[in-house]
Amino acid sequence: MNIERMRSDVAEALAEVAEEPAAFADDDNLIDLGLDSIRLMSLATRWRAAGFEAGYLDLAMEPTVAAWAQRLEASNVLEEKR
Amino acid sequence: MSPIIENADVVVVGGGPGGSTAATLLAKRGHRVVLLEKETFPRYQIGESLLPSTVHGIGRILGVSEELANAGFTVKRGGSFRWGTNPVPWNFLFAVAPELSGPTSTAYQVERMKFDDILLRNAARNGVDVRENSPVTDVIADEERVRGVRYTDPDGNEREIHATFVVDASGNRSRVHQHVGGERIYSEFFKNIALFGYFEGGKRLPAPDSGNILCAAFDEGWIWYIPLSDTLTSVGAVISREHASRLQGDQEQALHGFIDRCAIVKDFLADATRVTEGVYGELRTRKDYSYTNSTFHRPGMVLVGDAACFIDPVFSTGVHLATYAGLLAARSINTVLAGDLAEARVFEEFEGRYRREYRVFYEFLSAFYDMQTNEESYFWKARKVTNLDTTDLEAFVTLVAGAHSGERALVRTFQAASDDLAGAVERTGSMQTTSGERMHHLFGTPVVREVMAEMNNIQVRGVQGEAARELPLLDGGLVPAPDGLSWADPAARPEEAR
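Protein chains in written order, with the numbering used here: chain A, 934 to 1015; chain B, 524 to 1021.
It is possible that part of the hints are untrue.
Only some residues are given here: those of chain B computed to face chain A with a beta carbon under 8 Å [unchecked claim]:
#1 Thr627
#2 Val986
#3 Gln987
The hints are simulated quantities; they were obtained by calculation from the structure and are not laboratory data. In this text, all values refer to a predicted model and were calculated from it rather than measured experimentally. Even glycine gets a Cβ: it sits at the ideal position worked out from N, Cα and C.
Starting from the given sequences, assemble the full structure and let the hints guide the process.
As structure tokens, then:
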């Protein structure tokens, strides 16, 4: 799991909800761009399968790639320490 | 005279939401399914408040979303509670935040006569052989497994259907469940009685909460207030079973007495009149409704919905538990009939998931009751988790076998869940305030996270269909197949890790 995978999964999810999905920056609020609760739940599950333990609520509270990437980095650091 | 004998893959007993769900999802895989319903639909039923996973998850999987949307049911965005320390009602909303309140973050209040009928007709459209006015009289079994059922057809003929599986979804009053073995264990904690009726002209909470269920605590219990239409309201008092004798006399007087002692409901019903004619004209009671069977299956037979377990009306979990079990049963039977996995393995998954769902809601609802503090009240003092009855805990420990290390640890678990929930409710604050619109405190408590886990999976499944991805819920457990209608062993498909 890395930030590139994160960006491409988000792009895929946005393509499902928006007719013409806009390009997004890492600090764009993804809910404003059309990401909904179902898509967030789905991303949380896919990423958990890839070893990134973020829940739906965590993603919903700070809905930007930047915030999620930070969380991912923290969880990877934790993983390495183990 | 010997009975008329037929054969089928599966016999489903009962045409409520659990039975209809199981039957439809079995028929979708092409199996021959006969559904036997003792009454003729539409018929009255209680349990009118639904949760989003039933509407947007199960509803879509069954293919009835549009029909439900066009049925004119009241839309609820959550529950409003006059409960706990806050004298003002607070909201438990389905959307975590206003900006995330999409079409899937609502549910319906339903007249069960209409809702159950939609689900049953849909089962028939999907190929289920639905037979109403057909009460099941016996279960056919030998030492190895259950083999079918006997029933009486509308003309009074005795008939037999031999089948590979029998799904018992025949509700709380039927005795069919006894054929699965084990025993029915009643909960001491939720040992309540409900007395309920219907009113015309009751007030509504201010928009956008006007469709919400309102649950309001008072000294002797609590009252549900469910807006079924703009004018029709379902009102029920949940009180201690010790008051049973009071319900022997004038029930009308008893219900009005409870309403008079519950300020917010009294005010809402000030100008309302009780419906006294037609299907809603009767006052009804329910007692001993909180129980679980010690086992949910045996070879050839499985229990679904109230035939298996029921907790309490407070958080609208009845139809959820029933339809969820219907989905699990269909997945399990479809897997066995396809020859994919052994019966023992898939029913271990069935029982494990169903028990887990029962357990997390049991914990959540216990915490909910614990939140209401009223030192003067016998009802509320008896419903503190620290007073959980020993027999209740023993039953519970048996059910979650191995998950807890004994009664003390279990009381601590319940107490922690309750403290978390009470704290979150306090931080969330009153309804229709800035904080009261945001559910992250409530959704963040461990008990609510657990309660949401499978409901979220079902919603994602409903919306995304085959694109939905699910992880094993239980250690070493199974996952749904791509179409969501059977089980697959994830260990057998390691390449699908992504």
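We went through each hint and held it up to the structure:
1. Taking 8 Å as the C-beta contact cut-off toward chain A, the hint placing threonine 627 of chain B at the interface holds, the least distance being around 6 Å.
2. Given hint, valine 986 of chain B at the interface with chain A, holds; its Cβ is 5 Å from that chain's nearest Cβ, closer than 8 Å.
3. At a threshold of 8 Å, the smallest CB-CB gap from glutamine 987 of chain B to chain A is about 6 Å, leaving the interface hint in force.
Taken one by one, the earlier hints all hold for this structure without exception.
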